[in-house]
Amino acid sequence: MCGIVGLFAKSAEVEDRLGEHLAAMLAQMSDRGPDSAGVAVYRNPAPSGSSKLTLYSADPSEDWVAVARALSNALGGSPEPAVRASHAVVVVETDALDAESWVRSNRPDLRVMSAGSVIEIYKETGLPHEFVAQFGIADFEGTHALGHTRMATESRVTTAGSHPFSTGFDLCLVHNGSLSNHNRLRENLRHEDIEFQTENDTEVAAGYLSWRMREGASLEEALEGCLDDLDGFYTFAVGTADGFAVLRDPIACKPAVLAETDDWVAMGSEWRAIAVLPGAAEAEMWEPEPGVVYVWEKTKV
Amino acid sequence: MAAVPAEEVAVEVVDLGETRLRDLNQRLHDISSAPGPRAWRVLNPNGAHALACGIDADIEVEIEGHVGYYCAGMNKRATVRVHGNAGPGLAENMMSGKVIVDGNASQSAGATGRGGLLVVHGDASARCGISMKGIDIVVGGSVGHLSAFMAQTGCLVVCGDAGDALGDSIYEARLYVRGDVAGPGADCVEKELREEHAAQLAGLLDVAGIDANPTEFRRYGSARSLYNFKIDNAGAY
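Line by line, the protein sequences are chains A and B. Under our numbering, think of the first position of the first sequence as 111, with each following residue one higher. Under our numbering, think of the first position of the second sequence as 10, with each following residue one higher.
Hint data in this document are derived by calculation from the structure and do not stem from the laboratory. Since we're looking at a predicted model, the values are computed, not measured. Incorrect hints may have been included.
Said to hold, decoys possible - Pairwise CB distance ranges, derived in the manner of DEER restraints:
1. A:A243 / B:R86: 42 to 50 Å
2. B:D189 / A:P388: 33 to 41 Å
3. B:D189 / A:D338: 22 to 30 Å
4. A:D126 / B:G212: 50 to 58 Å
5. B:S42 / A:G389: 37 to 45 Å
6. A:A327 / B:Q35: 48 to 56 Å
7. B:A243 / A:E407: 47 to 55 Å
8. B:R86 / A:D141: 27 to 35 Å
9. A:D339 / B:S42: 52 to 60 Å
10. B:K200 / A:L237: 53 to 61 Å
11. B:Q35 / A:G326: 55 to 63 Å
12. B:R86 / A:E407: 49 to 57 Å
13. B:G192 / A:D338: 16 to 24 Å
14. A:D339 / B:G169: 28 to 36 Å
Cβ coordinates follow ideal geometry from the N, Cα and C atoms, glycine included.
Please model the complete structure; the sequences and the hints are all you need to start from.
The following block contains the structure:
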């Protein structure tokens, strides 16, 4: 199983209460994914020339102030980390590539959950409602967000194996389904210098998208490539700096529902995840076609 | 049962915002063995799963909103109307009665149904009528891929288009499609729509309350070449 939710705000009211809506949607998907939960929230753009990282530490007593100070000493930027449970967001005065490579060289024990200018990724094992409370998800404002509740199938229940997976700067992937050719594909992608940190199938799909886009493919092209190169079941939702995209495998084994009002666009594995949104009863609702890429972006809505 | 004027039927209203789904389903089941309300109205379904499943009584249930998985599964005798959309597995294994959806239905609508009538006024998704065994299904819109897969008996009427692999490995069900068929599945072929078929189709459209001309439909059914394993057909399996 697994549950996916996505919410794209079209009004300031929904932006202000994005986290509250996201938390309600995630709670509805608890039955589909009680093992772990995660969100990607697009909010608070870093100033021009700066970038932000979401970092994770397995050490509950991590000294995030020291981490942020070391980062700002090396790269400039705000020494104030925004800490939420096991994660912290740090803004640095350099591009995301340099910031991420500094962490890898100097603090390999930390994991970069996301890097970019607007994305923040938080994920943790445990029940969705526990995750929501622990990370204060309901407090977030933002332009759009994706969420995931995981029922683990092919790999262990760990923080790193939780979704969303980063697929590049300001990009992330959530997945409902399972891939059957991920071992071979992971090896092929390693030859392309794509790094993997888990045995998880979705991380391979994320790596595949990163690789395709690194080689010049647009998001749509990279997703269309999945139809040829990924074997298995999937409903994907991909978060971008400006919006999100949805793709179901050609057999459409895994469910997905899309809905739209004047105030929001939402996707969910089931209607009940969307039914909690204001005005849901009057929303236009439909099921995405198999093998078709759907994209919403700020500029296109 | 004699017709009862509408004003004499007391409607039992259940708000799923206040009542537990399991309590509602239990009350609906109880009617098969004890007297109870004959008309029900369910508010705030909000995508609940297995709503109005397993009813075995001559009752009418009106559901005001969208439902989740397996609505009206195993239905016997009851009429269940969904004023909204339905999730996967609508009216799965229906035995008799009617299930009517105003909006769209997700995949596997009417799967394995043995009898009764399923009407979807909007579109149904993939695998509509998969392994149907006697149910009649009328879809006002289109159906997705692999609809009527291994369909054994009963009718699937599609007023719009049918997706790929329609009627793959079909036995004796009758498929009527007004729009385009993306592709018939293995052993599914177009057949002549004779008078008796037009009459059957007209009856189904009438009972479903859908205004369409039976002569605009094409009939599909089994070529009957995959009933028994033949080595020449190995490629088709």
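We went through each hint and held it up to the structure:
Here the CB-CB span from A243 (chain A) to R86 (chain B) is close to 46 Å, well matched to the stated 42 to 50 Å. With their beta carbons about 39 Å apart, D189 (chain B) and P388 (chain A) fall inside the hinted range of 33 to 41 Å. D189 (chain B) and D338 (chain A) have their C-beta atoms about 25 Å apart, which keeps the hinted 22 to 30 Å range intact. Here the CB-CB span from D126 (chain A) to G212 (chain B) is close to 55 Å, well matched to the stated 50 to 58 Å.
Our hint of 37 to 45 Å for S42 (chain B) and G389 (chain A) holds, since their Cβ atoms are close to 42 Å apart. At roughly 54 Å, the beta carbons of A327 (chain A) and Q35 (chain B) sit within the given window of 48 to 56 Å. Distance hint check: the CB atoms of A243 (chain B) and E407 (chain A) are about 48 Å apart, consistent with the given range 47 to 55 Å. Range check, R86 (chain B) to D141 (chain A): about 30 Å between beta-carbon atoms, so the 27 to 35 Å window is met.
For D339 (chain A) paired with S42 (chain B), a C-beta distance near 56 Å keeps the hint of 52 to 60 Å intact. Under the hint 53 to 61 Å, the C-beta atoms of K200 (chain B) and L237 (chain A), about 54 Å apart, fit the expected range. For Q35 (chain B) and G326 (chain A), the Cβ-Cβ distance of about 59 Å falls inside the hinted range of 55 to 63 Å, so the restraint holds. Checked against the hint of 49 to 57 Å, the C-beta distance between R86 (chain B) and E407 (chain A) comes to roughly 50 Å, which is consistent with it.
Taking the beta carbon of each, G192 (chain B) and D338 (chain A) are about 20 Å apart, inside 16 to 24 Å as hinted. Between D339 (chain A) and G169 (chain B) the CB atoms are about 32 Å apart, so this pair conforms to the stated range of 28 to 36 Å.
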